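Asker: If you read the sequences in order, they're chains A and B.
Numbering-wise, the first sequence is residues 0 to 301 according to numbering that gives the first Met the number 0.
Numbering-wise, the second sequence is residues 0 to 287 according to numbering that gives the first Met the number 0.
Keep in mind the hints are simulated off the structure, nothing from the lab.
Among these hints, one or two may not hold up.
When the alpha-carbon atoms are kept at most 30 Å apart in a straight line, the in silico DSS-like pairs for lysine-lysine are as follows [to be verified]:
1) 186/B - 92/B
2) 203/B - 132/A
3) 132/A - 2/B
4) 194/A - 7/B
Keep in mind that this is a model prediction, so the values were computed, not measured.
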Amino acid sequence: MADGKQTAARADDLVPAPAVAAGQDSVARAMRRRGDESRFWWLVPTLYIIFLLLPIYWLVNMSFKTNQEILGQFSLWPQNPTLRNYMVIFSDPSWYNGYINSIIYVVLNTAISVSVALPAAYAFSRYRFLGDKHLFFWLLTNRMAPPAVFALPFFQLYSAFGLIDTHIAVALAHCLFNVPLAVWILEGFMSGVPKEIDETAYIDGYSFPRFFFKIFMPLIASGIGVAAFFCFMFSWVELLLARTLTTTAAKPIAATMTRTVSASGLDWGVLAAAGVLTIIPGALVIWFVRNYIAKGFALGRV
Amino acid sequence: MEKTWNNKAWFMVLPVLVLVAFSAIIPLMTVVNYSVQDTFGNNEFFWAGTEWYQEMLTSSRFWEAMGRNLIFSFVILAIEIPLGIFIALNMPKSGWGVPVCLVAMALPLLVPWNVVGTIWQVFGRVDIGLLGYAMNALGIDYNYVNDPFDAWVTVIVMDVWHWTSLVVLLCYAGLVSIPDAYYQAAKIDGASRWAIFRYIQLPKMNRVLLIAVLLRFMDSFMIYTEPFVVTGGGPGNSTTFLSIDLVKMAVGQFDLGPAAAMSIIYFLIILLLSWVFYTVMTNYGSEK
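Take the sequences, apply the hints, and build the full model.
Answerer: What follows is the structure in structure tokens.
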């Protein structure tokens, strides 16, 4: 912001006084008109949002139809709305356990990722140490690594430890990309906190753990929230590794969905209902991180 | 920020190091192992040297998958980046529209990837999907199940649907960081709309755009779940991208040697790209 004021001051210096007065008037008018070079600017976001919501609407629409209606007639909204598809999911343990499994490993992964990333991010944001830059880069490469490369070796590694089909196996596997992500996001937020705060606290006699938990963590609370959200999200949307490492006991909902392809054809209604239910968690929490979502995707670097 | 030199900071990084080493280095070493060995079963392995690498680098199957992947990445970049900038420029700057736009646009980013596949699989079906039905009603012969071109169009539109919002959000974050004074100065100079975009908005979006391009390129380069759900790599091999081919080879056919060699080549490409990404990220941070 200071940057902006300087530029404004410089602009004022360059223009003679009367012109400034006239200029400011027209600027004020221009400001009112800004973003409205045409009166139809709202058309673009509106069309785009319609494009985004149409396929989701179609899924929701299908989830309230019976299979006969889905296959039999083409209708833009359910003619005989039914909750049968949702009832199937909520009454069949093999369906709703999928959700429970997913939530268990996602929460485990988020807890692990954020708690190990916090001290590391602090170290990266405050200190220089032997090999810090290389380490930081190496972490990034893991965020970028294709899960397909890791699917088979993960399977063998976790088989060797007897961890296949446990929640912790998926949680640990997802650390591959979530820990680096959490470190990068948290480092971005921590670097925004002036170092003087640390120094003042030490002078006031705070020990490091007390400083870290009592002063520093509240300061970067939003950063921790954003990091946790992104860990949650990327673990929730990932399928390849989660599916490879589980068979029945820890099978995620995403993998359960593929089984609606059965001998009797696809149960489209249940498939749609299951899909709708997987979108809900993301849709619920998105409101809280809406202002940070770009920062999170840019790994804390906007 | 001035950072103090302190090697004790290593202790703080240690947990991350152990965890990521367990989930990254050990599996990667397994892959390297397989890539230089051959087996006739029974867990007996023989030294194969660079045989698998040579086989991979001369196999047309690998290069075709690579070619498809490159075409795919470039097409979606060519669509998503300009579209993302255009939408970001037209986003509301204040008022109730901002949170509504942000939330609505971020929604596809939070849909599980296989559900993205399912959504488009359903949406594009000619018998039950709105898109497929509407296309055929308009007299366009569209069927992504049989026609390779339509399959490509579906996969690309799906990716545009899924990820354009990322570009929009990043560009928007860059745009709102421009102080109003810049626009005032431009107005005083009588700058045209194009000049404002070219000399004020674009330079300010430079870095977020680079991040967007690199992220989109890397993520599209390792795309697996969405096309796998929609097309399963078909019809024929027409949408078999590198990841799909790799999983087919490693898990489906259990050709460990070639799959491992392919993994390593794949990983090296990603490593190179990550390095570019890292340089962009950190260099820009230091000049700010």
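Asker: Against each hint, give a clear statement of whether it holds in the structure.
Answerer: Hint check:
no. : hint          : verdict
1   : 186/B - 92/B  : 18 Å, holds
2   : 203/B - 132/A : 26 Å, holds
3   : 132/A - 2/B   : 13 Å, holds
4   : 194/A - 7/B   : 18 Å, holds
The structure shown violates none of the earlier numbered hints.
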